[in-house]
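Can you build the whole structure from these sequences, using the hints too?
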Amino acid sequence: MGTAKEYTIDELMVCTLAKAFTSEDIILNGTVSFIPVSAVLLARATHAHGLTWVAGAVGVDAQPGAVIGNTLDPTMWKNCVMYLPQYEDMWSYVHRGTLETFCIRGAQIDQYGNINNSIIGSDYHKPKVRLPGSAGMGDMGSLDKRVFIWSTTHNPRTFVKKVDFRACVGWLDGGDSRAKLGLRNGPQLVITDLCVMDFEPDSKRMRLVSVHRGVTAKQVQEQTAFELVMPASVPETPGPDSEYLRLLRDVVDPKSMRKIEFRGSATKV
Amino acid sequence: MTAKKEDKLVSLQQAAAMVRDGDTIAMQGMGTQMSPLGLVRELIRAGRRDLQVAMVVGGIGLDWMIAAGCVRKVMAIIINLDEFGMANNFRRAAEAQQLEVEEYTEHTILTRLGAGAMGLPFGVTRSGLGSDILGLHPETTKVIECPFTGKPVVACRALEPDVAILHAHRADSFGNIQFFPKPIWTDVDVFPRAAKKVIVSVEEIVENEEIRRTPERTGIPYFKVDALVHLPYGAHPCSLFPRYNFDRAVFQRYADESRTPEGTRVFLDEFVYGLKTHDEYLAKLGGPAALKSLERWD
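Heads up: the protein sequence lines correspond to chains A and B, in order. For the first sequence, position 203 matches number 203 in the working numbering, and the numbering has no gaps at all. For the second sequence, position 9 matches number 9 in the working numbering, and the numbering has no gaps at all.
Hints are computed from structural coordinates only; laboratory data are not their basis. Please read these numbers as outputs of a predicted model, since none were measured by experiment. One should not assume that every hint holds.
[Said to hold, decoys possible] Restricting the straight-line Cα-Cα distance to at most 27 Å, the calculated cross-link-like pairs of lysine-lysine (DSS-like) are:
no.	chain 1	residue 1	chain 2	residue 2
1	A	K5	A	K19
2	A	K19	A	K259
3	A	K162	B	K4
4	A	K180	B	K142
5	A	K126	B	K142
6	A	K128	B	K73
7	B	K292	A	K255
8	B	K5	B	K151
9	B	K292	A	K78
10	B	K73	A	K78
11	B	K73	B	K182
12	B	K73	A	K126
13	B	K224	B	K4
14	A	K180	B	K151
Right, dumping it as structure tokens:
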């Protein structure tokens with residue numbers, strides 16, 4: 001498998017996230033999650049055949065063939081082995097940790113991977129901007145999930161020093177503050193339209209891992225409102241394998257539903 | 001209205017009259033799926049006020065109700081139109097501080113309803129620990145110490161809505177409510193059990209014998225149902241899997257027009273206020289032949 005020369009950022013983000021998933025993962029997805037769902041389908045079609053996906057948190061091991069509808073929609077439950085009842089079954093598996101992997105995006109993400117999609121402003125009840133709300137992130141942050149964060153708007157408004165409202169618990173205030181609260185796991189990786197980041201193991205501060213083609217580490221820092229942990233040298237994010245790219249374009253998401261997520265992004269795809 | 005084994009079929013207007021101003025209503029819904037929107041349209045026409053709406057995921061119906069001035073408070077985890085973007089009237093009302101927003105995590109609001117359903121004073125979860133969401137409403141969610149392990153858990157005060165409104169696949173006239181393939185979503189599961197009154201609209205009315213042949217499909221028994229309305233396409237423009245999909249054209253039109261209060265008014269005049277009955281609504285959509293086009297899942 002060679003590395004593709006021509007690719008767009010949405011394709012790179014999906015392929016990079018797909019590479020982070022393994023056959024051990026049991027993943028459920030939430031609303032407007034075209035990039036994660038594409039990555040799940042792609043990982044399952046390539047290196048992670050054993051990966052379990054619960055489509056829209058309902059369709060167990062669903063096989064819709066392609067991303068054909070919005071990600072919570074019954075169209076995506078096709079060929080599943082079970083419709084998972086939400087109230088008892090799904091929440092049992094989520095609480096116990098059987099369903100352990102979840103992907104989250106948000107309007108604000110801070111240096112410890114705490115996330116906000118509720119309000120912008122200093123007073124929740126007098127919001128400057130009212131956002132849709134926390135949805136599943138308020139649950140998953142506290143329920144021991146391995147969280148993968150994605151964002152199509154890497155800028156200082158999204159990547160803030162401190163979120164205005166902590167809807168999703170990441171590494172809290174860094175260090176061992178999350179563990180002290182008795183919460184396992186936490187944010188693992190952050191994939192944006194500019195770069196890939198993880199969290200420095202001790203401080204739990206966000207750390208640059210690689211920059212996408214044509215982007216410099218300096219540019220990433222300028223687009224981030226807090227100081228990133230900066231390794232001595234930052235490599236370029238490996239481009240997608242040609243076969244992954246072909247599968248993404250032709251099989252997994254031929255309607256390019258993932259591009260919906262770039263509305264409002266400075267990155268054109 | 002009683003919960004006895006007797007005919008529960010009422011008109012849409014009679015059903016809406018069972019919801020009173022100021023009620024807390026538990027309303028079924030997802031972004032684009034399964035919501036009792038025929039009932040919602042009637043509540044708007046009936047001019048209900050000061051409602052406190054409890055949902056998991058609020059969508060187009062809630063946004064209409066907010067625009068129409070029916071809602072004082074929402075309790076929910078997210079309110080949007082899924083891939084069609086923001087619920088603009090929700091956003092405007094919250095930003096103008098004309099709407100009280102009581103945001104929950106999914107499992108804290110479900111735990112509140114679960115406690116209500118069992119008549120317990122509260123339930124517990126770990127959802128939301130460490131988040132700012134719990135602090136929004138200390139009178140209903142509170143971190144306490146587990147009496148056995150000493151670990152922190154979230155106590156969620158029981159919630160018993162005055163009324164639950166739902167849309168389902170079919171029922172007999174006694175109100176044995178059936179779903180296909182079975183109740184999946186939390187709201188058709190715990191909402192009716194937690195609520196004091198339950199109003200359900202259904203696509204189809206079948207004989208009691210048909211229910212008895214297929215009891216595995218029954219999600220709510222007659223004794224928990226107070227009123228039943230026969231309302232084909234009663235979830236439109238939302239979907240009712242696997243019967244019909246959501247109506248992309250109507251969603252897109254609302255997403256566009258609701259960008260302004262004036263546009264919202266045009267939409268509501270055309271799809272809600274200007275139509276007196278559900279039959280008029282179906283006729284406006286082009287009748288059965290046009291609606292047939294929604295029966296696709298590819």
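List of violated hint numbers, smallest to largest
Result: hints 3, 8, 10 and 11 break, sorted rising.
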